[in-house]
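Novice: The chain contents come next:
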Amino acid sequence: MIGEPVLEVRNLKTHLMVKAGPLPVVDDVSFSVSAGETLGIVGESGCGKSMTALSIMRVLPRPIGRIVGGEILLRGEDLVSKSEAEMTAIRGSRLGMILQDPHTSLNPLHTVGNQVIEALRINDRRGAGGSLPARAVAMLKKVNVADAERRVHAYPHQMSGGMKQRVVGAIAISGAPDVIIADEPTTALDVTIQLQYLQLLQEIQAETGMAMIFITHDLGIVANLCHRLIVMYAGRIVEEGTVRDVFKAPSHPYTEALLNSVPAVNRKVDRLYAIDGQPPKLTQTRVGCSFAPRCPYADDTCRSLAPSPSPGLSGSGDHRASCWKQERGA
Amino acid sequence: MARFITTRFLQALLSLLVITLIVFSLSHLTGSPIDALLPDDATQAQIDNLTRELGLDRPLHVQYFTFLQNAALGDFGDSTKWKGSSAAEVVIDRLPATLQLGGLALLISVVVAIPLGVVAAVRKGSSIDAVASVIALLGQSLPAFWLGLVLMWVFAVILGWFPTSGYGGVTHMVLPAIAMAWFQIAALTRLTRSAMLEVLDAEYIKLARVKGVSERAIVWRHAFSNAAIVPITYFGVLAGSLLTGSVVIETVFAWPGAGLLAIDAIRGRDFPVVQSVVMFFAVFFLLANFLVDILYAVIDPRIRHQG
Amino acid sequence: MRKRPFFDGLPVISLTILVVVLVIPALFADLIAPHDPYKAYLRNRLEPPLFFGGTTEFILGTDRLGRDILSRILHGAKYALSISIVGILLGAAVGTALGLIAGYLRGMADAVIMRVVDITFALPSILLALALATLSGPSFQLVIFVVIFVIWGYFARQVRAETLVLREADFVARARVAGASDLRILRKYILPNIVNTIVVLATLQVGVVVILEATLSFLGIGIPRPTPAWGLLVADGRQLIVSSWWISFFPGLAILLTVLSVNLLGDWLRDRLDPKLRQV
Amino acid sequence: MLRAITLTTLVFAAAAPAALAQTVTMTMTPPAVETNRYWNTPGDFALGPALQGLVGHNPETGAFDNSGLAESWTNNDDLTEWTFKLKPNAEFHFGYGPVTAADVVHSLELHTGPDSILNGISQLEGAVAEAIDDHTVKFTLPAPQVDFLFVHGGRGSLVIYSKAQFDAEGLEGYDTKPAGSGPLQYASRDVGRGLNFEKVEGHWSGTDVGYDRLELEFVAEPATRLARLLAGEADIAVLPREVQGDAIAAGMAVIPSTRASNQTAMLFNGTFLQPGDEALDKSLPWLDIRIREAINRSIDRNTMIDVLYDGRAEVLPVFAMDPRHEGYSQALADKFDAAYGFDLDKARALMAEAGYPDKFENPVIPILSSNLAGNPEFPTMAELMQVFLEEAGFQTEIVEMDWAGLGGLRNARAAKMFHPMRNMPVKPSAVGIRNYYSAAGRPRNNYEDPEVEVLMDEYMQSTDPDRRNELAAGIFDRVFHQYAVVPLASISAEVVVNPKTIEGWLYPGVTSVGFSHFENVDVNE
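Protein chains in written order, with the numbering used here: chain Z, 1 to 330; chain G, 1001 to 1307; chain E, 2001 to 2280; chain W, 3001 to 3525.
Incorrect hints may have been included.
Here are some chain G residues pointing at chain E (derived, C-beta under 7 Å) [to be verified]:
no., residue
1, Ile1019
2, Leu1137
3, Pro1143
4, Leu1149
5, Leu1243
6, Val1248
7, Val1278
Hints listed in this document are in silico derivations from the structure and should not be mistaken for laboratory results.
Backbone N, C-alpha and C fix where the C-beta goes; we use that ideal spot for every residue, glycine too.
Please model the complete structure; the sequences and the hints are all you need to start from.
Specialist: Shown next as structure tokens:
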């Protein structure tokens, strides 16, 4: 099932160039994801998970977003050094992405059919399976859009959110990409629709064997869907490991807090009410652990020295956390 | 869509009716045409004759209903200044010149402003953006008549590249059209730029990007088509300002269009012509805006499907 | 970092220009103008500006009656400022009031008011001004009237659009539940939220108004002579654009600088106060 | 009938080669009314190059002569019957045959019809024209008119149209292509743009025009007319004096009319001195003769001529008085400096004596600023008057109004203003006096004085040249000493020409538009 690593991110650093100075929104992030594997990226809003995704896609907000260091290796090819034209060719065909809000992510002026067709025309390298419209219908059927023959002629405003997100999914997989990044794809959907949609993603992944990066702040989803996860805080990875290891033995206080603040599976969390304070402003010069100001266990070491990744509490080899206080209360 | 268009059409008609009332009462407030139409040494008999001839001796409401009835048929009476022609004839005769000039000015504005606005937005913060900002600001900072005269002096008298003024071929239209387009370029560039900036931030642009659409297709097919609503809205306003602008520019460049006609008619107290020229302008404006509404519906399925 | 390099620092510069060209002259023309703006030095007619063969007596030259251009421009600032302020205040007041009513009451009132807006836009304002001028002669009041006529619709449309949104807002609903009267809701809850829009829009209208005044003067229906209104100075000097270019050039420059800096300021304000507003 | 401006004409206009034929282009102020029916205009004779009246003018002296359609004329002693002998070889253009008495009768009917708005048409009121034979026509007038020739020449209230064309085509024919009889014939009209004429080959009069085509362009904006002249698009331009300097600096030449064509003045409107006049507003400051004199003396006329007329004008001693016409008094002209000369001390003394401003209910002098085609200096004149008057200590205000608006007020006798006026063409004294100093004038306007009225009544009836001269002189003397108006300047008509194409143009400046004798335009080969 899980095969070769297809995407490796190494020491990625992304800055937003704002008036006040560069904001390190992604700071030295490394991870990899393999074919057939689903990697969850978890964290509060503004922790850098979306920026990581946009960096991989090379569609950072212009002109302020910039990758300032690291490598993004897609089957060994470094995307960071690719030209814009090369990236255009890679996007959609080898890297797919599903955006958060289906209500705004489809162009309101074009029929959904045409939007799928556009993706097919650009990305479908196989080119098989009949005319573009027919393949568009097929794509929609693949993502379980009922009455696809008629729906291809519909405009986004004539469809429900769940239906639109299926269309977005169809667009994302139209090129049969190696990696698909889903950036909180269900946040804007109703609970029941969410489940259907996640199921769909799982099915598609099982069928195509592609790697998936699933960005969310919903640990419930991660538990159901992902094989591994990374937890991000203030642009950095604070903990990573298999879902089983991390859930069993959360090694970073932030992960712990995240888990504690999920009273039930499938509950959306925007802010960690369980933890006082807010994520730090990225402009502040960071000394020590970024989480220290909110961390109940923080001491002077935490406040003065930045922790580096160390093996997590589960003891598994790939479970790592960046914390001086892993052995707290345990 | 049908209902949307019908509603808009009826609204325009209603506006037109109110405008007839305004036009009528205004021309009857602006003093008697008699003083302008008769010589300084006119006799009482001449005055009485003309008053009768123009129907100015009848009660106002009667005059208005006659006016309305005739106006519906496009008849605004005979011109008092251009004897031997009906007012509508005079206006229709001059309108093509204004439309030619306005059309060229519109073309220039669109051809310059839209790409400029789009590029300025796409390359926000670049030197092109700075140039666009300067153009946009300068364009709105000079009175058109002054710009027109300066253009005339520099490009016609000193450099001799174009005729100074007067009616003729395309070369005659270049300078007045530029003078006329100047302000519009400014306004349109600003609008296009800000509309594009807004759209370029939209999620569907991000989606287009991540699905591998080329930059050019993103800018034009995805972003511009959505941003176009704003410049298109402005076309409605533009139609009006080009007509209004024609009043000044046609005077400067001796361009025999409806704007120049309007001034002559007002100064000469040629009520029928004033009324018909204002009505034509208003109809033209309402029509342009009606077309803009239809265009919205054509472009945007959300409007098309409403109601 | 390079987000908006072109605009950076410009608010300060434009504000400075505005103060120097418009505000100080408008307030203190009597003190700083070297000559009486109406005083005709008939022996010194059409004197060129300093550095173009003129003297320090008339730094920017004189017009065809020998009046000092500099003094006329300085005094003209009063008219530019007062037309802008009075015209825009009234235009904004009318437009805002009607926009509030239309957006808040909706229904019939909205339909009627928006129709009136359409009608004002549809009527060629310059022609109406010409027609009115033949009735009453040109006057300051006429110019103000035309200004109001031209700009109120923009305010009405914008204010209505925002009121439509605001009236559905939670805090308005809460106020309504708490028994606040419509007038109070409009005044205490809606108006404060659209003040920014109004300020930005008003700033951006200054340029429109100054140019409009010049255009009216060109057509002979602006502020009556011998008032040294800028537009009139430009319009009056246009005949001598070749030989005595300074008569129209310097007032034109004053207009240019004023409009330029007001628009820059307006842009800046808009970005600051009301990024969603994008009307010109 | 208007010629439609279509895309086709546009293409043709662009494609037309610069004709080998020599074209003279004159750019001028648009006429008040654009029509081929002259009687429907207030008197702008734009058709002058093609259509003729009975009486012509000597281009050098401006005197009436037989260069028009009549070879001679006689009148009876009491000036009520005028008989014109038409030139037998005079022919209409386009083959409409000889000019006959019937054409004159027909034209008089047209010009005096109910739709006539001609200035000065009152002089033809009640006139009857009778064809004595084919080439003799007699006008019978209800009252003596010593200035009857003025109707046919100068003012040109009667222009001869072809009856044959009218019978064949009706007014439509005139609208399309009116047949005239001059050395140039009507070619076309571009509405809003201009009028075109072409040379008549082998003209019946033997006049051979030195160019092939004359184009009159109507351009409202003076700066644009100047640009057209300098860019070589026009050969002749009518320009305000103040921009003529720019043209001269660029190598253009000014050609003035041989005679004064225009007199200017400021009128004290509302000076209704006839007893019991209900229109009299007693608060007008200039009802006091001392104020009128003081105003006259506040004005530095030489400076004014420099400012307004670029120095090319004469100080005018009495408005409406001219050496060419009845009642001219050299004595008044000589006394002018003593009585009207610029003297601020005297002006202030007079004001003090009259108790100005304290004793005046309404001391403000409203000065009218108005635009009048042909007198582009009027707005500046108003400002200049304000400068002069304020310098002397008067309180003034400028009132802006268009000329038609002033006309309305004058007709209602409510123009209580100090306003500019012109006398163009310089009219025969009887006409001028009636217009500007008498209650008999229409509109009844500025100055009405019982003493003048007495003289005027007799003047209008008198047929004895000596007595008439005496009466006119008497009236001029009276208004001079009453300071009835502020006479300003006597000016020529002027055109600015491109000396590369135009050698000269001899014209007298005696018509209502100032220009005539287009056949005299001398072009460079």
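Novice: Run every hint past the structure and note whether it holds.
Specialist: Consistency of the hints with the structure:
1. Ile1019: holds (6 Å)
2. Leu1137: This hint holds: Leu1137/G lies near chain E, its Cβ roughly 5 Å from the closest one there, short of 7 Å.
3. Pro1143: holds (4 Å)
4. Leu1149: Holds, about 6 Å.
5. Leu1243: With Cβ-Cβ at 6 Å, under 7 Å, it holds.
6. Val1248: Since the shortest Cβ distance to chain E is 6 Å, the answer is holds.
7. Val1278: holds (6 Å)
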